[in-house]
Amino acid sequence: MAFYVVQFLTGLASAASLFLVASGLSIIFGVTRIVNFAHGAFYMIGAYIAFTLTERFSGAFGFWGGVVAAALAVALIGVLVEMVLLRRIYHAPELFQLLGTFGLTLMVEDLVVLIWGPDDLVGRRAPGFKGAVDFFGQNIPSYDLFLIVLGPVVLGILWLLFQRTRWGVLVRAATQDRDMVAALGVNQKWLFTSVFAVGVFLAALGGALQIPRDAVHHAMDLRIIVEVFVVVVIGGLGSIVGAFVAAVLVSELNAFGILIFPKISIILVFLVMAVVLIVRPWGLFGKPEAAARKTPGLTVNPWRPLTSNERLASLAALVVAALLPLFAGNYALTVGSEIAIFVIFAVSLHFLMSVGGLASFGHAAYFGLGAYGVAFLAKLAGLPMIVCLLLGPLLGCMGAAVFGFFAVQLSGVYFAMLTLAFAQIVWSIAFQWVSVTGGDNGILGVWPASWAASPSHFYWLALGVAALVTIALRIAVFSPFGYALRATRDSVLRSEAVGIDAKRIQWTAFVIAGTTAGIGGALFAYLKGSVFPDNLGISLSVDALVMVLLGGVETVSGGVIGAIVYKALNIWLVSQTDLSKLVLGGFIVLIVVVFPKGIVGMLEVLAQRRRKSSPPGSSLLAKPIESAE
Amino acid sequence: MSLVPPLLAVEGLTKSYGGIHAVRGVSFSLRSGEILALIGPNGAGKSTCFDMLNGQNKPDSGQVRLLGEETTGKKPREIWRMGVGRTFQITATFATMTVRENVQVALISHGRQLFNFWGSAPDVDRNEAGRLLELVGMSGYADRPCGELAYGDLKRLELAVALANDPKLLLMDEPTAGMAPRERVELMRLTAQIAKEKSIGVLFTEHDMDVVFEHADRIIVLNRGTLIAEGSPAEVRGNPQVQAIYLGEGLLYEGGHREGASA
Numbered sequence: 001m002a003f004y005v006v007q008f009l010t011g012l013a014s015a016a017s018l019f020l021v022a023s024g025l026s027i028i029f030g031v032t033r034i035v036n037f038a039h040g041a042f043y044m045i046g047a048y049i050a051f052t053l054t055e056r057f058s059g060a061f062g063f064w065g066g067v068v069a070a071a072l073a074v075a076l077i078g079v080l081v082e083m084v085l086l087r088r089i090y091h092a093p094e095l096f097q098l099l100g101t102f103g104l105t106l107m108v109e110d111l112v113v114l115i116w117g118p119d120d121l122v123g124r125r126a127p128g129f130k131g132a133v134d135f136f137g138q139n140i141p142s143y144d145l146f147l148i149v150l151g152p153v154v155l156g157i158l159w160l161l162f163q164r165t166r167w168g169v170l171v172r173a174a175t176q177d178r179d180m181v182a183a184l185g186v187n188q189k190w191l192f193t194s195v196f197a198v199g200v201f202l203a204a205l206g207g208a209l210q211i212p213r214d215a216v217h218h219a220m221d222l223r224i225i226v227e228v229f230v231v232v233v234i235g236g237l238g239s240i241v242g243a244f245v246a247a248v249l250v251s252e253l254n255a256f257g258i259l260i261f262p263k264i265s266i267i268l269v270f271l272v273m274a275v276v277l278i279v280r281p282w283g284l285f286g287k288p289e290a291a292a293r294k295t296p297g298l299t300v301n302p303w304r305p306l307t308s309n310e311r312l313a314s315l316a317a318l319v320v321a322a323l324l325p326l327f328a329g330n331y332a333l334t335v336g337s338e339i340a341i342f343v344i345f346a347v348s349l350h351f352l353m354s355v356g357g358l359a360s361f362g363h364a365a366y367f368g369l370g371a372y373g374v375a376f377l378a379k380l381a382g383l384p385m386i387v388c389l390l391l392g393p394l395l396g397c398m399g400a401a402v403f404g405f406f407a408v409q410l411s412g413v414y415f416a417m418l419t420l421a422f423a424q425i426v427w428s429i430a431f432q433w434v435s436v437t438g439g440d441n442g443i444l445g446v447w448p449a450s451w452a453a454s455p456s457h458f459y460w461l462a463l464g465v466a467a468l469v470t471i472a473l474r475i476a477v478f479s480p481f482g483y484a485l486r487a488t489r490d491s492v493l494r495s496e497a498v499g500i501d502a503k504r505i506q507w508t509a510f511v512i513a514g515t516t517a518g519i520g521g522a523l524f525a526y527l528k529g530s531v532f533p534d535n536l537g538i539s540l541s542v543d544a545l546v547m548v549l550l551g552g553v554e555t556v557s558g559g560v561i562g563a564i565v566y567k568a569l570n571i572w573l574v575s576q577t578d579l580s581k582l583v584l585g586g587f588i589v590l591i592v593v594v595f596p597k598g599i600v601g602m603l604e605v606l607a608q609r610r611r612k613s614s615p616p617g618s619s620l621l622a623k624p625i626e627s628a629e
Numbered sequence: 001m002s003l004v005p006p007l008l009a010v011e012g013l014t015k016s017y018g019g020i021h022a023v024r025g026v027s028f029s030l031r032s033g034e035i036l037a038l039i040g041p042n043g044a045g046k047s048t049c050f051d052m053l054n055g056q057n058k059p060d061s062g063q064v065r066l067l068g069e070e071t072t073g074k075k076p077r078e079i080w081r082m083g084v085g086r087t088f089q090i091t092a093t094f095a096t097m098t099v100r101e102n103v104q105v106a107l108i109s110h111g112r113q114l115f116n117f118w119g120s121a122p123d124v125d126r127n128e129a130g131r132l133l134e135l136v137g138m139s140g141y142a143d144r145p146c147g148e149l150a151y152g153d154l155k156r157l158e159l160a161v162a163l164a165n166d167p168k169l170l171l172m173d174e175p176t177a178g179m180a181p182r183e184r185v186e187l188m189r190l191t192a193q194i195a196k197e198k199s200i201g202v203l204f205t206e207h208d209m210d211v212v213f214e215h216a217d218r219i220i221v222l223n224r225g226t227l228i229a230e231g232s233p234a235e236v237r238g239n240p241q242v243q244a245i246y247l248g249e250g251l252l253y254e255g256g257h258r259e260g261a262s263a
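Sequence lines, in order, name chains Z and A.
If you're matching positions, the first sequence starts at 1 in this note's numbering and goes up one per residue.
If you're matching positions, the second sequence starts at 1 in this note's numbering and goes up one per residue.
Incorrect hints may appear among the rest.
[As the list claims (entries may be wrong)] Mimicking SDA-like on lysine to any residue, the simulated pairs with C-alpha atoms at most 25 Å apart in a straight line are: (1) Z:K287 with A:W118; (2) Z:K189 with Z:V272; (3) Z:K379 with A:D51; (4) Z:K503 with A:G18; (5) A:K75 with Z:P288.
[Unchecked claim] Listed below are several chain Z residues computed to face chain A (Cβ distance under 8 Å; list not exhaustive): (6) I115; (7) P118; (8) D120; (9) P302; (10) A476; (11) S479; (12) F481; (13) Y483; (14) A484; (15) D490; (16) R494; (17) V498; (18) I505; (19) W507.
In case anyone wonders, no lab produced these hints; they're calculated from the structure.
Fair warning: this is a prediction, and the values are worked out from it, not measured in the lab.
Backbone N, C-alpha and C fix where the C-beta goes; we use that ideal spot for every residue, glycine too.
Just chain Z, same shape as in the assembly (with noise of 0.2 Å):
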């Protein structure tokens, strides 16, 4: 019994920090509608420096000047991420902040090994709590407690502050809806500076706390931060008590889950969430939203199909590329091979982003189920590469149905957070069921036949596949059904209106999106000769999203150009440089504050800008003039 208790004191005890991160994401994105990827960054900036400083000050004040100071110090590195780069691109396409925000975190973890080296460290002590309580024979540690004790504090103070305080008044308002608190004279530069960084320092204020019971290493923020999404949206977005209850809950079940169900711990709390999502999509403690005002005026231009020119000239590109092994080596060859599935997965999330207006969170789940789906099929019975090329997509298209099929009935963040979940819930499946996936070490030897064994046969097929799939979905774009997938993502109201279903169509380009998916992750399989649990892993999911919104969501073939200079940046960066990384963030950063319509969206801008510019007097920049008078 003692030792249960003692369980559900540690969960306690893990729940605090996790509530102080979740709490700042949940503040941030409840105002600013920015799902905030660096939020695990700032966590993990936050005991970097919280280390540094408490071994550099002594005693007491040292160690919690020290825990509070690393804080406020990330708290400033905030307001000038929020000045520098949120306030450019909050007018942006929905979800490029969270480009921005993830080209941040890459940056960030390259900086801190850089700064703090590769190895994990461990911190001091907190003074006053080393020891550890001794309750029936079972030790508690003394911190834990404190920490427990800290948890509702914290609540406490942020109620008071929301409650209590003008700044909290105007940040609920600005919560419920931000365009009328900015029409009754508020400046909303300085709330949304402000709020960034409360959310900010909440998260390195958690991270800090985390020193005296973890080691600080340069990869929990990835941990974090999916950890906090799963929290913030159990708990309702914006809510502070959601976000304390769902952090009690999920670190019980982290807790209890290994001890009761050791063989699905991990996938235990991505359970919870997606029916949570299911039954309530707005959370435990969270209200039903309004559907936020669209932003007037939006310039997309109207997607028309090629002209005859430009299909000659992709044409043209695909002769060329289809000749990279008249002088192109075994590795180039095999580079190639991985860019053209990229294009594939790419271009199939970006049927879903861009045409259905649904961001997936979780698309590399059906990658990965078309990569296991192969490996089954080509380990376990045995049969010829064409045909487990033909039948292992299934296993993505099947995921996709079923997944899918929930999925659809959210929208916007709800939806990503869902796929999000569903996805996790695969990878749990992947990672824990060893009998039957090998767990962690995947399966091995999947070959391809001698027929496309050879690097260059191998890169014809990857590339006449990506080549076909991507042509099938541009038609599908401008085919009757590819109209009707635009116009549910431009309104659903109208398109109810008109006779249109627009959850079964949403569920159709759910599942033609995840079969593609699949048949890229089928060709991987074959490229790898493995595969492995993170080839349906989160980081591959984020990897789908950045190329997507690298090529530029607005456009219809955006998908083809962010996977090519993606995937090429991204290996030619880690041949060349240790810190990749840093690098590609950078570039993505850029990107995101330079271009954000995306590479494609601004050749389209560029182009635009050529024709328009023959006649005298109409160039873009004479416009304001021109509406001035």
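Using the hints, position chain A against chain Z.
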């Protein structure tokens, strides 16, 4: 009882939210080609009534029949398939698509081509879309992105979209809200003309009494959830109950009115 059922027959429509009776036992009918205005002060239950007709909302009791066929409890898209077009109080259009594409989507749906993955949508019903746009005077805007349109043009586009399934009945929720006075008259004149030509029944709610009295064949008046008057514009105008409860102190005769004067 006549053998041919009326286009729209509403019987004993009732809806309450908690203790508030939003709509109580409302009954009326509408013939083909007839333009019927549903008026009433703010909070009278117009929108609730309207939403129950188009499937956005389910009545507690009562029935709605379209040409004798029950529509109560059906989803908006199913009611649309039965031949009911509608426009919204705040326009709902496909903002990133062109004006023509907006109409084409409705035509694609009407032609049951929604799950056609290979056809070339820009060519589907192109002429028909052009014809509908011409009907509402929007031909010149066909290739403009919908997000760029002025509000009055959006309203006209909505009318074209609503006509795409060759409707028997048009439901228009405050069709002229947010428009300039001249645009209002033009839009309703156009609607009336199309309704007469194609023998479409039109039910609309409206706050602008000039529009109502000029274009409605018949008017029904709601107050606090119940139907208090029904008749020709002249009859309703002269109804003392309507004047007292809804229109206030006869401002109407001076050509103006005050919104939500009572209730």
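### Closest C-beta approach of P302 of chain Z to chain A relative to 8 Å, hint status
This interface hint holds because 5 Å falls under the 8 Å limit.
### Message
Hint check: K75 of chain A vs P288 of chain Z, CA-CA at most 25 Å. Holds or violated?
### Response
22 Å, holds
#### Entry: Hint consistency between K189 of chain Z and V272 of chain Z [alpha-carbon to alpha-carbon, up to 25 Å]
Answer violated: K189 of chain Z to V272 of chain Z is near 37 Å, above 25 Å.
### Message
Check the hint pairing K379 of chain Z with D51 of chain A against an upper bound of 25 Å on the C-alpha distance.
### Response
Not OK: K379 of chain Z and D51 of chain A at ~58 Å, beyond 25 Å, violated.
### Message
Just to be careful: measuring from the Cβ of Y483 of chain Z to every Cβ in chain A, is the smallest value less than 8 Å?
### Response
For Y483 of chain Z, the interface hint holds, since the closest Cβ of chain A sits about 4 Å away, which is under 8 Å.
### Message
The hint names F481 of chain Z as touching chain A; please verify it with the least Cβ-Cβ distance against 8 Å.
### Response
5 Å, holds
#### Entry: K287 of chain Z paired with W118 of chain A [C-alpha distance capped at 25 Å]
41 Å, violated
### Message
Is the interface hint satisfied for A476 of chain Z? The criterion is a beta-carbon contact with chain A at less than 8 Å.
### Response
Holds: closest Cβ of chain A sits about 5 Å from A476 of chain Z, inside 8 Å.
### Task
Tell me if D490 of chain Z is really an interface residue toward chain A, meaning its C-beta lies closer than 8 Å to one of theirs.
Where the cut-off is 8 Å and the nearest Cβ of chain A is about 4 Å from D490 of chain Z, the hint holds.
### Message
Interface hint check: P118 of chain Z, Cβ to nearest Cβ on chain A, cutoff 8 Å. Holds or violated?
### Response
46 Å, violated
### Message
Interface hint check: S479 of chain Z, Cβ to nearest Cβ on chain A, cutoff 8 Å. Holds or violated?
### Response
5 Å, holds
### Message
Would the hint on I115 of chain Z be counted as holding, given a Cβ-Cβ threshold of 8 Å to chain A?
### Response
45 Å, violated
The structure shown violates the earlier hints numbered 1, 2, 3, 4, 6, 7, 8 and 19.
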